[in-house]
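K.L.:
Using the supplied hints, reconstruct the complex from the two chains, each of which is provided in its own coordinate frame.
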Amino acid sequence: MIIKRIEAIEFGVLSPQQIRKLSAIEIKNPETYDKDGYPMEGGLMDPHLGVINPGLRCKTCGQKMKDCPGHFGHIELIRPVIHPEFSKKIEELLHATCKECGKIMITQDKLELYKQFIGNPEAMLEKRIVAKTKKLKQCPHCGAEKKEIFLDKPTNFYYGEDRIYPTQIREWLEKIKDDDLRLMGYNPERLKPEWFIITALLVPPIAVRPSITLETGIKSEDDLTHKLVDIIRINLRLKDNIEAGAPQLIIEDLWDLLQYHVTTYFNNNTAGIAPAKHRSGRPLRTLVQRLQGKRGRFRYNLTGKRVNFAARSTVTPDIYLSINEVGVPEEIANELTVSEFVTKWNIKEIKELVKHGKVNYIIRPNGTRKKVTDSTKDEIIKELDIGFKVERILMNGDIVLFNRQPSLHRLSMMAHTVKVMPGRTLRLNPIVCKPYNADFDGDEMNLHVPQTEEGKTEARELMLVEKQVISPRYGAPVIILDEDGVSGCFILTLKSTKFTKAEAERLFYVLDIKELPKPDIENKYYSGKLIFSQLLPKGLNLEYQSNMCKVLRESEICKKCEKGNCPYDAYVKIVDGKLVSGVIDALSLGEGKGKLVDEIARVYGPETIRKFYDGAGKIAVEIVSIFGMTVGLDEYEPSEKVKSIKAKALEEGLQQAKKVVEKYEKGTLPHLPGKSLEESFEITMMRIGNEIKQRVEKEIIKEKVLELIEKPRYNSIVMILSGSRGSVTNLTNLVGLWGQAAVREGRPKRGFKKRAIALLKKGEEGLISGGFIENNFMDGMNPIEYFFHSMGGRQGEVDTGVSTKVSGYLYRRLANSLKDLSINQDLTVRTASKDIVQFLYGEDGVFPKNTKKGKSIEVETEIEKII
Amino acid sequence: MALEKVSQHILVPKHEILSKEEADKLVKKYGISIDNMPKIKKDDPVVEEIGAKKGDILKITRKSPTAGEFVYYRIVE
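In the order they appear, the protein sequences are chains A and B. Numbering-wise, the first sequence is residues 64 to 930 according to the numbering used here. Numbering-wise, the second sequence is residues 12 to 88 according to the numbering used here.
In isolation and in its complexed conformation, chain B is listed as follows (with noise of 0.2 Å):
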C-alpha cells in the first residue's frame, strides 16, 4: 500500500517545528549562530509536510543505538 505521507514511513523519525522560546533557548544554550546549526532544504517533503517555514528550527527525535532515542535540530533554509 502507498504511504500518503512521507512521515509514516518507518524511516522517517518524527518532525517538530520549535516555538519562537524554545528556538531561543536552544541557540542560547549552544551559543550558535544561525549558520552553525545543521540544516535541512525547505523542500525536503517531511518539511513540506509538517509546514516549516525558512528559518524555523526543527525538532528530530530518533531513535539512536548508543542512546535508545536521541534528539537532533536542523533549521529549515
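The following block holds chain A by itself, in its conformation from the complex (with noise of 0.2 Å):
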C-alpha cells in the first residue's frame, strides 16, 4: 500500500471555460423523455451523461455501468446570474473597488504598506480594506465618483438608487487588476472574481440524480432534475423573449426568476427568499440540503457506516447461561447467517444442514450464489462439493461479538458463543453486566456475526468473556460477582451455615455434581465452605483478611489479628482448594480488590475463572432464594445502649458547639494554620459535627455486627459486612443520625441575608443553625433539618448531572486523539505515522493487564512463594 502525506487541500470556484471543456454536452432541451420513454437527446437524461442501465455502453467514454463514472454536462445561461453562495465575496470587492478604473479606492503609497501582508490571514486585510472604501464617494485613482453599494439579499445589488445586473456586475470585477486581488485575498492565478457571475452552469451526471420506476410504471425524477428543469425552461423564455424583442420589464423579471431557479438549486433555504416547492408542497432537497446537517452526506453517509451481520435487541437476564454465552432468539438466528467452507471434515453435516433447511445459500468456487429453497434443496445436495461455501444460519456454539453502547471499553464489545433460545430478548449472564454497564430496564445490545474464519478465530482467542476478568486497564478483575452474587456466598461460606444432605443435594444439583463427597458435620451434615469448595480449583492455596475483618476492625470490635483462629471467622484460608477458614466477601469476589478471583484467573486461566463464575452466580442465586435477602422495620430500630448513647453524644458535642460559638464571638477562638478566623470556625463546627455521627456510628456497627455473628439473620446488615451493597454510613442514617450536611465541602452558608434559611433567626450561629441533622431516617427530621438535607441533596444531584456530561466529552477527546496510537514490534509506541510517542510502551513494556494493580511484581507474595 502507498501511504501519502497530504500536503494541502485547495478549495476554488470553476471558471466558465472549465465547466464548457468538463461539460460532455450541452444541456438545451427542457424535456427529459420523448413519448416513447426515451431519454431525449441534449435533455437532462441524455445519456451523454453517463450510463444508468446495465449492459448499456456510456455514449461519452463507452465503458459499462461498472466503470463509467459519470459525466457532466452544461446549461449555457442565456443571462449571467449570481452565484448565491458568493453575493457575500461579490459585495466586499464592488465595495472597494472603483466602478470606472477598478482599483482598490487607497492611495497607492497606502497599498505599498498593505502589501506585507498578504497571505497573513491575521491581518484580515480585506476587513480593513473594506473597512476604510466602504463609506468614499471619489476613487483616489481616477476621481471617478462612486454611489453606495446596496445588497439586497441574497442576491440583488443596488449601485446609488439603481439596481445593478449581474452584466454590469461581471464588467465590473473584470477590471480588477490581479494586485489588487492579491490584497483581497484571492490567487488570481487560480481565481477570478468573475467567475462567481454564472455564465454557464454545470449539470450534475445521472449517477448524482437517479430517476425512479414506480410500480406502476411512472417515472419519478430527482429533486435535482427537477430543478434542473425550471432552469432550463425559465432560460429558454428568456432567450425567446430577449430574441422577440420583448419590454426591458418583461426581461428584467424572466432574469429575476432565472436568478430565482439557480439560487434555490444550489440552496432551497437561503434566506431572504420562499423554498422551491415540490408539487406536494414539500420543499426540494437541493445540493445544500444533500450534504448539510444530521442526516446530509458528511454525517449520515460518511461518518456513520452500518454493517450487514448484526442484530439488536433488548437485554435480559439469565443466570443458567455460561459468562461465555449469548442467549440468541430464534428469529434473529434464523435470520442472520455465517459463512463455512465445505471441506471433506465438514460435508457430511453440512449436506445434513441443507437438507434441514438452515442453509440460504450456496457459493459455488467461481463466486456464483444459489438461494436454497425447498424445490431446489436436493439438486443442490448433489451439487454440493468439497470447495464450495455455504451461508447457513446462527446455531449454538457460533462466536459473535456482542456490544453495548456508549463502547468506551475494551470491554465493551466481547465474544460470546451463541446458545438459541425461545423468546425474543437477548439473554446474558449477569455477571457480565459489569463489563458491558447493562442493566436490564430496557437496555439493547448489539450483536454481530464474524464470518470469516480468521475473524472467528481472532473473536475466540482474543475477546472471549473468559479472557477479559483482568481488566487491561488497572490489572484487577473487571468481571466480577456482586450485590446478591456476594452476598449469596457469604451467607454460604458463614460458620453457621450447614445442609442437611438433602438440602444440600439440591446446591450439588445446581452445580452439577455428580460424585457427592462426604459430609463434614458430625457425619450428616455439610458445611457451607465445602459447598463453596467444589468450584475452587485442586491446588490452591492463598490466606487474606476478608473484608469482614476489615469492618471488625475499623468498629474496634476485633484488636488483635489471631489468622487462622480468628474468633469471627474472617481469616481466610484455602489449602489444596478447599475454603477452611474465613468467609467469601467482597475483598474475595469484588472489583478492584477480588484476592480469589484474581487468583484463579492467573494462576488456572480463562477456563477455570469461567467454571468458577458460572457456578458460584447459580449457587449464590440459590443460596440467596433459600436463605432469602430481606429487611424489616425493626432491624433499623436503635437499641437502648445505642439512644443513651447518642444522647450523650449529642448533648457533648452541642455544649462543645457553643462554647466555641461564644468563643468566636469574642474572638478568642484559636486560628487554625492557615485559615482565617471564619474558616477556622466553620472547619471546627464540621469536625464537632462529624465527630459525633462516628461515636453513634461506632457503636451501631458494633452492636449489629456482634448480632448477626450471634445469630445470623440475612438482612442488609449481611450487605455491609459482606461489603455486597451499602456501608456504615447508610446504616447509620437509618438507626442513628445524619450528621452534619454539607453543601460544597463545607456547611450550608448561602441562601438569606446572615442566615441559611429563613426558619433561622438572623445572624444565630450554632450547630443546628449551621444545618446539624440529629435524626435518622428512622425518626424523620424536623423542618430545618429538611431543607439542610435538601440542600445537600440537590448538590449531589446537580453534580452527578455535571460530570458525566464533563467527563463524558473529556473521555471522547482523549479516546479520539489516542485511537490512532499503537505498540510496535519493538515495543515503542508510536502514531498512525509511526512518529514516537514512547520509547517504551509504559516506559517499562508491561501490559497492565499482566500487572497485579499496576505493579508488574509484587514483592511481597514472591517472598512468600519461595519462603
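It is worth saying that the hints were derived from the structure and are not from the lab. Do not take every clue at face value.
[Unchecked claim] Under the rule of at most 30 Å between Cα atoms (straight-line distance), these lysine-lysine pairs were calculated in the DSSO-like manner:
{"#": "1", "chain 1": "A", "residue 1": "918", "chain 2": "B", "residue 2": "40"}
{"#": "2", "chain 1": "A", "residue 1": "636", "chain 2": "A", "residue 2": "761"}
{"#": "3", "chain 1": "A", "residue 1": "656", "chain 2": "B", "residue 2": "74"}
{"#": "4", "chain 1": "A", "residue 1": "882", "chain 2": "B", "residue 2": "40"}
{"#": "5", "chain 1": "A", "residue 1": "918", "chain 2": "B", "residue 2": "74"}
{"#": "6", "chain 1": "A", "residue 1": "882", "chain 2": "B", "residue 2": "39"}
{"#": "7", "chain 1": "A", "residue 1": "897", "chain 2": "B", "residue 2": "50"}
{"#": "8", "chain 1": "A", "residue 1": "302", "chain 2": "A", "residue 2": "91"}
{"#": "9", "chain 1": "A", "residue 1": "897", "chain 2": "B", "residue 2": "74"}
{"#": "10", "chain 1": "A", "residue 1": "897", "chain 2": "A", "residue 2": "912"}
{"#": "11", "chain 1": "A", "residue 1": "67", "chain 2": "B", "residue 2": "74"}
{"#": "12", "chain 1": "A", "residue 1": "67", "chain 2": "A", "residue 2": "897"}
{"#": "13", "chain 1": "A", "residue 1": "67", "chain 2": "B", "residue 2": "52"}
P.N.:
Below, the structure written as C-alpha cells:
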C-alpha cells in the first residue's frame, strides 16, 4: 500500500471555460424523455451524461455502467446570474473598488504598506480595506464619483438608487487588477472574481440524480432534475423574449426568475427567499441540503456507516447461561448467517444442514450464488462439493461479538458463543453486566457475526469473555460477582451455615456435581464451606483477611489478628482448593480487590475462572432464594444503648459547639494554620458534627455485627458486612443520625442575609443552625433539618449531572486523540505516521493486564512463595 | 529564593546532549528518520541553558512511576 501525506487541500471556483471543457454535452432541451420513454437528445437524461442501465455502453466514454464514472453537462445561461453563495464576496469587492477604473480606492503609497501582509490571515486585509473604502464617494485614482453599494440579500445589488445587473457586475469585476486581487485575499492565477457570476451552469451526471420507476411504471425524477428543468425552461423563455425584442421590464422579470431558480438549485434554504416546493408542497432537497445536517452526506453516509450480519434487541438476564454465552432468539438466529467452507471433514454435516433448511445460500467456487429453497434442496445436495461455501443460519456454539453503547472500553465489545433460545430478547449472564455497564431496565445491545475463519478465530482467541476477567486498564478483576452474588457466597460460607443431605443435594444439583463428597459435620451435615470448596480448583492455596475483618477492625471489635484462629471467622484460608476458614465476601470477589478471583484467573486460566463464575453465580442466587434477603423495620430500631450513647454524644457535642460559638463571637477562637477566623470556625464546627456521628456509628456497627455473628439474620447487615452493597454510613443514617449536611464541602451558608434558611433567626450561629441533623431516616427530620438535607441532596444531583456530561466529553476527546497510537514490534508507541510517542510502552514495556494493580511484581507474595 | 537555572527546579528532568556516535546508534536502533522523533523547541529554556543546537538529540532522564527511571530522547528543532 502506498501511503502519502496530504500536504494541502485547495478549494476553488470553476471558470466558465473549465465548465465547458468538463461538460460532455450542452443541455438545451427542457424535456427529459420523449413519448416512448427514451431520453431526449440534449435533455437532462441524455445518455452522454453517463449510463445507468446495466449492459448499455456510455456514449461519452464507451464503458459499461460499472466503469463509467458519469459525466457532467452544462447549461449556457442566456443572461448571467450571481452565484448565491458568493454574493457576500462580490459585495466586498464592489465596496472596495472603483466602478470606473477597477482599482482599490486607497492611494497607491498606502496600498504598498498593505502588501507586506499578503498571505497572513491574521491581518484580515480584506476586512480592513473594505472598512476604509466602504463610505468613500470618490476614487483617489481616477477621481470618478462612486455611489454606495447595497446588497439586497441574497442576490440583488444596488448602486446608489439603481439596480445593477449581473452583466454589469461581471464587467466591473473583470476590471479589477491582479495586484489588487492579491490584497483582497485572492490568488488571481487560480481564481477570478468574475467567475462568481455564472454564465455556464454545471449539470451533474445522472448517477447523482437518478430517476426512480415506480411499480405502476410512472417515472419519478430526482429533486435536482426538477430544479434543472425549471432553469432550462426559464432560460429558454428568456431567450425567446430577448430575440422577440420584448420590453425591458419583462426581460428583467424573467431574469430575476432565472436567478431565483439558480439560487434555490444551490441552496433551497437561502435566507430571504421562499424555498422552492415540489408539486406536493414538500420543499425540494437541493445541493446544500444534500450535504448539510445530521442526515446529510457527511454525518449520515460518511461518518455513520452501517453493517450487515448484525442484530439488536433488548437484553434480559439468565443465570443459567455461562458467562461466555449469549442467548439469541430463534427469530434472530434464523435470519443471521455465517459463511462456512465445505471441506472433506464437514461435507456430510453440511449436507444434513441443507436438508433441514438451515442453509440459505451456497456459493460455488466460481463465486456464483444459489438460494436454497425446498424445491432446489435435493439438487443442491447433489451439487454440493468440497471447495463450495455455504451461508448457514446461526447455531449453538457459533462465535459472535456482543456490544453495548457507549463503547468506552475494550470490554464494551466481547465475544460470546451463541445459544439459540425461544423468546424475543438477547440474554446474558448478569455477571457480565459490569463490563458492559448494562442493566435490564430496557437496555438494548448489538450482536455482530464474524464471517471469515480469521475473524472467528480472532474473536475466540482474543475477545472471549472468560479471557477478559482481568482489566487491561488497572490489572485487577473487572468481571466480578456483585450484590446478591457476593451476599450469596457470604451466607454460604458463614460458619453457622450447614445443610442436611437433602438440602445439600439441591445445591450439588445446581452445580452439576454428580460425585457427592462426604458430609463433614457429624457425618450428616454439609457445611457451606465444603459446598463452596467444590467451585475451587485443586491445588489453590490462599490466605488473607476478608472484608468482614476490615469492618471488625474499624469498629474496634477485633483488636488483634489471630489469623487462622479468628474468633469471628474473618480470616480466609484456602488449602489445596478447600476453604478451611473464613468467609468469602467482597474482598474475595469484588471489583478492584477480588483476591480469590484474581488468583484463579491468573494462575488457573480463563477456563477455570469461567467454571468458577458459572457455578458461583448459580449457587449464590440459589442460596439467596433459600435463605431470603430481606429487611424489616425492626432491624433499624436503635437499641437503648445506642439511644443513650447518641444522646450523650449529642449533648457533649452541642455543649462543645456552644463554647466554640462563644469564643468565635468574642474573637478568642484560635486560628487554624493558614486559615482565617471564619474558616477556622467553620472547620471546627464541621469537625464537632462529624465526631458526634462517628461516635454513634461505631456503636451501631458494633452492636449489629455482634448480633449477626451470634444469630445470623439475612438482611441488609449481611450486605454491609460482606461488602456487597451499602455502607456503615448508610446504616447510621437510618438508625443513628444524619450528621452534618454539607454543601460544597462545607456547612450550608448561602441562602438569606445572615442565615441559611428562613426558619432561622438572623445572625444565629450554632451546630443546628449550621445544618447539623440530629435525627435519622427512621425517626424523620424536623423542618429545619429537612431543608438543610435537601440542600445537600440537590448539590449531589447537580454534581452527577454535570460530571457525567463533562467527563463523557473529556473521555471522548482523549479516546479520539489516542485511537491511532499503537505498539510496534520494538515496543515503541507510535502514531499512525510512525512518529514516536514513547520509546518503550508504558516506560516499562509491561501490559497492565499482566500486572497486579499496576505493579509488575508484588515483592511480598514473591517472597512468600520462596519461603 | 529564585532559581538561577530552570534545571535546578525539581520538576525539570536531566537533559544531556547526545554525542554524534550515540545519536547515530539511537537512530539506527529505532529505525527512524528525524521527522519521527519527538521534538523540542530550540528556544526551550533547558535547550538554551545547555546550549544545544538545532539537530542535536537530547537524552532526558526522567523519574517514572512504572519503571523507576526512564530515558527519553527529543530532537532540537
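K.L.:
If a hint holds in the structure, say so; if it doesn't, say that too.
P.N.:
Comparing the hints with the structure gives:
| no. | hint | in the structure |
| --- | --- | --- |
| 1 | A:918 / B:40 | holds, 28 Å |
| 2 | A:636 / A:761 | holds, 28 Å |
| 3 | A:656 / B:74 | holds, 28 Å |
| 4 | A:882 / B:40 | holds, 26 Å |
| 5 | A:918 / B:74 | holds, 16 Å |
| 6 | A:882 / B:39 | holds, 27 Å |
| 7 | A:897 / B:50 | holds, 14 Å |
| 8 | A:302 / A:91 | holds, 11 Å |
| 9 | A:897 / B:74 | holds, 25 Å |
| 10 | A:897 / A:912 | holds, 25 Å |
| 11 | A:67 / B:74 | violated, 37 Å |
| 12 | A:67 / A:897 | holds, 13 Å |
| 13 | A:67 / B:52 | holds, 26 Å |
Comparing the model with each numbered hint stated earlier shows that hint 11 is the single one that does not hold.
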